[in-house]
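Whole structure, please, built from the sequences with the hints as guidance.
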Amino acid sequence: MTRRAAVPNHDGQQETVGSTVVTHRFVEAPGAVAPVRWHFVTAGDPAAPTVLFLHGNPESWRAWEPQIEHFADTHHIIAADLKGYGQSDKNPGDWRWESCAEEFLNLLDQIGLERFAIVSHDRGSVLADYLAGNHPERVTCYVRMQQVCHIWRAEYSWQAGYFADPLFGPYLFGDPDLYFRFRLDAMLKNDVPANRLETLKYELSYPGIPDAVVRYYQASTFEKERLDRIRLFPKMHFPVLLLQGDRDDGQPTFYFDHPSLPATLCFPDAELEWVEGAGHYTNLEKPEVVTKAVANFLARKLPAAPKGAGRAPE
Numbered sequence: 001m002t003r004r005a006a007v008p009n010h011d012g013q014q015e016t017v018g019s020t021v022v023t024h025r026f027v028e029a030p031g032a033v034a035p036v037r038w039h040f041v042t043a044g045d046p047a048a049p050t051v052l053f054l055h056g057n058p059e060s061w062r063a064w065e066p067q068i069e070h071f072a073d074t075h076h077i078i079a080a081d082l083k084g085y086g087q088s089d090k091n092p093g094d095w096r097w098e099s100c101a102e103e104f105l106n107l108l109d110q111i112g113l114e115r116f117a118i119v120s121h122d123r124g125s126v127l128a129d130y131l132a133g134n135h136p137e138r139v140t141c142y143v144r145m146q147q148v149c150h151i152w153r154a155e156y157s158w159q160a161g162y163f164a165d166p167l168f169g170p171y172l173f174g175d176p177d178l179y180f181r182f183r184l185d186a187m188l189k190n191d192v193p194a195n196r197l198e199t200l201k202y203e204l205s206y207p208g209i210p211d212a213v214v215r216y217y218q219a220s221t222f223e224k225e226r227l228d229r230i231r232l233f234p235k236m237h238f239p240v241l242l243l244q245g246d247r248d249d250g251q252p253t254f255y256f257d258h259p260s261l262p263a264t265l266c267f268p269d270a271e272l273e274w275v276e277g278a279g280h281y282t283n284l285e286k287p288e289v290v291t292k293a294v295a296n297f298l299a300r301k302l303p304a305a306p307k308g309a310g311r312a313p314e
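Residue numbers for the sequence shown follow our numbering, beginning at 1 and rising by one.
These aren't lab readings, by the way, just hints derived from the structure by calculation. Heads up, the beta-carbon is just placed ideally off N, CA and C, and yes, glycines get one too. Errors might be hidden in some of the hints.
Straight-line alpha carbon distances no greater than 27 Å define the calculated DSS-like cross-link-like pairs of lysine-lysine that follow [to be verified]: (1) K235 with K189; (2) K224 with K235; (3) K201 with K189; (4) K189 with K301.
So the derived label-pair ranges between C-beta atoms look like this [what the hints assert, rightly or not]: (5) D191 with K235: 38 to 44 Å; (6) E28 with Q218: 23 to 29 Å; (7) E288 with E198: 17 to 23 Å; (8) L167 with S260: 39 to 45 Å; (9) R183 with D211: 16 to 22 Å; (10) L261 with N195: 37 to 43 Å; (11) N296 with R3: 34 to 40 Å.
The structure is reproduced here in structure tokens:
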């Protein structure tokens, strides 16, 4: 099937997600090598507590549409495209995750965001680990989904090898239908509405993604990242929720609840919760369950402002 490249949005453009209006933003911020142009959407009341949503591979901000619709009534929402994905920058530069996290922090500084909660999934949790671990004073609380802690076995996560391949990687990411058949579909443990998958395929068809995303995997390895991030976990003195699907073949449950090495020991203040029956793509497979778990955690750790608080009188 021949898929047309996605049509970009423009700064300030609004669209409706469910019953919620989101605003597209494009902001350039300092980068490690050159300025980085970021794309993100905002929703909700800017005076309310901010929740920052960071997606995984091969997604975009749209992976969080159900959560955006739910939380925009009580929180200020920022859902970003990671560098290389969606409509964010895809230029050559420093693609090590720690450097990308610093570049992303430059964006947050640029838009004047001082404090925020984080909800992240998959590779978004890698960026979030560096962001939160190196700058814990900026984070109120952290929902960390589908990312390893101190246990990892290469046989369960072999995909990084072909993601980094200079021939196969761009070929794979350059064909959203092939990628989904080859990788994502095989990981799903539950049916996902066809329109949701088509939306993500559309987002994967923005020009430049095939050559950009592979740079992450060429810049490091899963194991090097994991070993490096372990040093940051003890610095996260804010509340952390490890929210994991219990049927993720690449991240088996013993990674997190092994009696001798429970993942919660990595962090000063962490709890573990399972999304029962879900595979790796928890937010796609069980959006209502994920939303409820996040809502319960934020209600306890990040009280929301009353609806309408901070808005100018009409």
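* Checking against the hints above, which ones are violated? -> The structure breaks hints 1, 4; every other hint is satisfied.
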